[in-house]
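Using the hints, position chains W and F against chain P.
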Amino acid sequence: MEWETVIGLEIHAQLSTNSKIFSGSSTAYGAEANTQANLVDLGMPGVLPVLNKKAVELAIRLGLAIDAEITQRSIFARKNYFYPDSPKGYQISQYELPIVGLGHMDIQLENGETKRIGITRAHLEEDAGKSLHEDFQGQTGIDLNRAGTPLLEIVSEPDMRNAKEAVAYMKKLHALVRYLGVGDGNMQEGSFRCDANVSVRRPGQPFGTRAEIKNLNSFKFIERAINHEVERQIDIIESGGTVVQETRLFDPDRDETRSMRSKEDANDYRYFPDPDLLPVVITPEDIEAVRATMPELPDAKKQRFMSEYALTDYDASLLTQSREVADYFEAVAQGCGDAKLAANWVNGEVSKTLADHDLDITAAPVSSVALVELLQRIQDDTVSNKIAREVFEAMWKGEGSADAVIDQKGLKQITDTSAIEAMIDEIIAKNPGQVAEYRSGKDKLFGFFVGQAMRASKGKANPNTLNDILKQKLEG
Amino acid sequence: MSQADSIHTLSLKGIHDGVHTGKFSVMEATDAYLDRIERFNPELNAYITVTRDTAKTQAVDIDNRIRKGELTGAMAGVPYALKDLFCSEGVLTTCASNMLANFISPYDAHVAEKLKAAGGVLLGKNNMDEFAMGSSNETSAFGSVCNPWDVSKVPGGSSGGGAATIAARLAPMTLGTDTGGSIRQPASFCNITGIKPTYGRISRYGMIAFASSLDQCGPMAASAEDCALTLNIIAGLDGRDSTCMDLPVPDYTATLNGSLEGLRIGLPKEFFAEGLDAQVADVIDRAIKQFQAKGAIIKEVTLPNSHLAVPVYYVVAPAECSSNLSRFDGVRFGHRCENPKDLMDLYERSRWEGFGDEVKRRIMIGTYALSAGYYDAYYLKAQQVRRLIKQDFEAAFKDVDVIMGPSCPTTAFGIGEKKDDPISMYLEDLYTIPVSLAGLPGMTFPIGFAADGLPVGMQLVGNYFEEARMLNIAHQYQQWTDWHTQVPARFA
Amino acid sequence: MAISEDEVKKVARLARLAVPEERLAAYTQSLSNILNLVDQLSAVDTTGVEPMAHPLDMVQRLREDVVTETDHRAQYQAVAPEVEKGLYLVPKVIE
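Residue numbers (the working numbering), protein chains in the order written: chain P, 1 to 476; chain W, 1001 to 1492; chain F, 2001 to 2095.
Note that these hints are calculated values from the structure, not bench results.
It is possible that some hints are incorrect.
[Stated by the list, open to error] Using 35 Å as the maximum straight-line C-alpha spacing, the simulated DSBU-like pairs for lysine-lysine come out as follows:
(1) F/Lys2009 <-> P/Lys301
(2) P/Lys171 <-> F/Lys2009
(3) W/Lys1116 <-> P/Lys53
(4) F/Lys2009 <-> W/Lys1418
(5) P/Lys214 <-> F/Lys2085
(6) F/Lys2010 <-> W/Lys1418
(7) P/Lys54 <-> W/Lys1116
[Stated by the list, open to error] Facing chain W, from chain F, some residues (calculated, C-beta under 10 Å):
(8) Arg2013
(9) Arg2063
(10) Val2067
(11) His2072
(12) Pro2081
(13) Tyr2088
(14) Val2090
By construction, the Cβ of each residue, glycine as well, lies at the ideal position given by its N, Cα and C atoms.
Excised from the complex, chain P in its bound form:
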């Protein structure tokens, strides 16, 4: 009998604010331990939280992008639990009335179909500090620099049915968060991380008992963790056992999830409205003010690329996966005036080279302006598409602009018909047999002559000119 997997994701996105959600400490990553933890972050006796305006705006921004209702009067609550990285003994979060209500996001499945994933809610909360387990005489060290960093926890409906869908959802949300400038999405630094609620059931049956896998911070891990968790649960049920509702941790080295016993006892969080904070009231005017600053959303951009630049669905999808790539493409397309050519280059040579060097487009050594210059040399027949790739490679290595490289390496295309004629005459003279065969009707040999001629010109002959002359001479 078949099993169906049910997955819901809770994604924590750190918000790109300068200061913390409830204090004026910096949120910059990587500072020396506890140098960015002020009185409020340390939970000193007597201190009080004051909410960061930017955090609220960013939450609204994401809410609008997922078509969600923005709560007019949202409430902060305390989630009470003792843990050394939670300095006050409670986390300030939102419980009953989160700032962002029901929304949704469409993901593209591997078969090309679109699937709508429900988003239950998104709420603001403060991040915890970090426990460092290196040995301090058998003790754990606590760094509270991260404590109080604003987080938006985005909770999906249990709408995903396999790990690939979960990854697609997470990737799409990741792109969205970055698009909107809501967060930097840096997964290595933990700015974008995910807890996965996973269960299995027989199709058509009620949901099974779920396990929550904590702190997945890469797309690769989430897929592996879910697949292993699904296998584990099926094994348990098929061998007659029952799945226990619990929190589990994915161990990428051993490729398995394991139970987090330490969290078991802390399940009565005693949520109640934080008396130190008041209801956050958001007016329709506030919402419109945020909407006015919203960038174009990925799906809208994709549609526009398809209509405005006549791109295929495939090209437009690739180009709109990140805002930086889309911006780069648009700069190139507008600079060279040929969107198709620009799309081919950005999705082809540029993205391939980026991948080879494991770089982000913002770090590409060839700027959009520099690429436009190169594409213009293709358009004005200075170089062929093929030679252009060679020029591009040199540009990437920092050997200069397109024109400089073409000049230096003598890659300018030969358009002088007499020079090409001379080369072709020589080839015809050297290959009488093939000429005869061609003339007797073996058309396929045309390609042989093109190849010979190109080689003779070291690839620099203008292909159209070469074709014309060759055809003319062979027909002779």
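Relative to the frame of chain P, chains W and F by itself:
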């Protein structure tokens, strides 16, 4: 009598005028109080910490600045004390708890900052009930405080050390805090004036929290005028407290002399029912008649849900405190147990050893009231009844300008008398708690002595943010009477 | 309503308070007394009454997103029971 011998009989304005006209220096005023503290504190235990050295350093500095004309304000050169739950930078701040027995605060509370900037001289930190939980000052980890009017009696609580300090003139002014009556009840027991302003009038930043939706700080002094002067300095917006209101601060001294003609005074019939000690009732009645004689109109009002205030309070306050006190975990500050065997042991033993019984009881009650399965029946229910109590006051204030009644059902009780009976202790606050739950301003001022010779205070409740009117009423009363100037003979 | 000793143990654990066995009965008694006092509330009809979390009907003020803090680690850690290399130390945390 030399100048120094009478400084402690002066009002804040008297001290201010004295140091500004050169009658005596800030140092002399400071020394006068430090000497009194040295002499009387051992028998009263009203101070946990006396900041003798820093007080003297401050006095030198302030003397200089006054001489140069840099400081002229009403508090410039005036000595004062603080309840030991206001964080004061570089000064021991214990909350009268073993948990914080060694806590030197790294920062100043908002109000401490304000008084410092105004040129006040901090004499020390007053004893109190541990974490402000108590009505007798007996839960202090640093010992009980004695009532200067009868040292076998409690001074009330939780701001008991502060009340005793003012009553014995060991400072001309101190700041207390009031969550369910912690300024008003001890002020009443000790024959002094104290005001708990409207919730949100003064920043709570740096005031170690007991119950965040109830805590409010306020001045305790001999007179309404001294309270008004202090309130002028400490009231107003502070961006660090989200619950602090952005409302203009009136000059509370400017309206002290307003007429009481036609003032409508409401007497809640529930505050005069069974439970009120007859000898206290007599003193209250006499004072009410005095107001009537001065042209006030007396009306009966009803607060039908006020009998539910104590039960509501003992859900809401412990719930908030259970969470507020979670930060005391032995990690970043405060008591840490010896050789914890693991993390759980660190938490459980540090907290068990650091907190006293009353604090632990309230933490447990609060934890229980918020826990799964009980939240609706306790916490949510209490929040609903809390609204009913507030609505009672709103209805009453449609007919009257202020409400008056007893601050406490009895005069000061004996030390040890109620120590082992938390419930009877809780019921001490039955007239002050409803006001706290509603967030209304409440004050108490001395109106005489009961048959047992102990002081009685009148509670005065105003509408939201009407502290100026309340201070005006109390001040007028203090123009007709001299109860507020009376000091126990031993401390005169 | 009376609370049982087991419930007191549970609550004490949640609140991280190590109640010694010999104090349990006394705590159970005093907590039961408080709950009895509080139980008056259950008789009140609160149908349709909105719970009141704050005494005043106020709205949250928002702070501009500006870094206002500088490093005061040494000063703040002066009151800490145990620190090393700028970290607060606790008994080993096992996840």
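Results for each hint:
Simply put, F/Lys2009 and P/Lys301 have alpha-carbon atoms about 59 Å apart, too far for the 35 Å limit, and the pair is violated. In summary, the hint linking P/Lys171 to F/Lys2009 is not supported, as the alpha carbons are separated by about 46 Å, beyond the 35 Å threshold. Of the supplied pair hints, the one linking W/Lys1116 and P/Lys53 holds, its CA atoms being roughly 31 Å apart against a limit of 35 Å. For a cut-off of 35 Å, the pair hint linking F/Lys2009 to W/Lys1418 stands: about 26 Å separates their Cα positions.
Taking the CA atoms of P/Lys214 and F/Lys2085, the gap is near 29 Å; set against the 35 Å cutoff, the hint holds. The hinted pair formed by F/Lys2010 and W/Lys1418 meets the criterion: a straight-line CA distance of about 29 Å does not exceed 35 Å. Between P/Lys54 and W/Lys1116 the alpha-carbon distance is near 34 Å, which keeps this suggested pair within the 35 Å criterion. Annotation: F/Arg2013 was flagged as interfacial toward chain W, and the flag holds, the nearest CB pair being 8 Å apart, inside 10 Å.
With a least beta-carbon distance of about 7 Å to chain W, the hint placing F/Arg2063 at the interface is held under the 10 Å criterion. Below 10 Å, beta-carbon pairs count as interface contacts, and F/Val2067 has none with chain W, the closest being about 15 Å; its hint is therefore violated. The beta carbon of F/His2072 is positioned within 10 Å of a beta carbon in chain W (closest approach about 7 Å), and the interface hint is therefore held. Taking 10 Å as the C-beta contact cut-off toward chain W, the hint placing F/Pro2081 at the interface holds, the least distance being around 4 Å.
Checking F/Tyr2088 against chain W by beta carbon gives a least distance of about 5 Å; that is within 10 Å, so the hint holds. Given the 10 Å rule on beta carbons, the hint for F/Val2090 holds: about 6 Å separates it from the nearest Cβ of chain W.
The structure does not agree with the numbered hints 1, 2, 10 stated previously, though it agrees with the rest.
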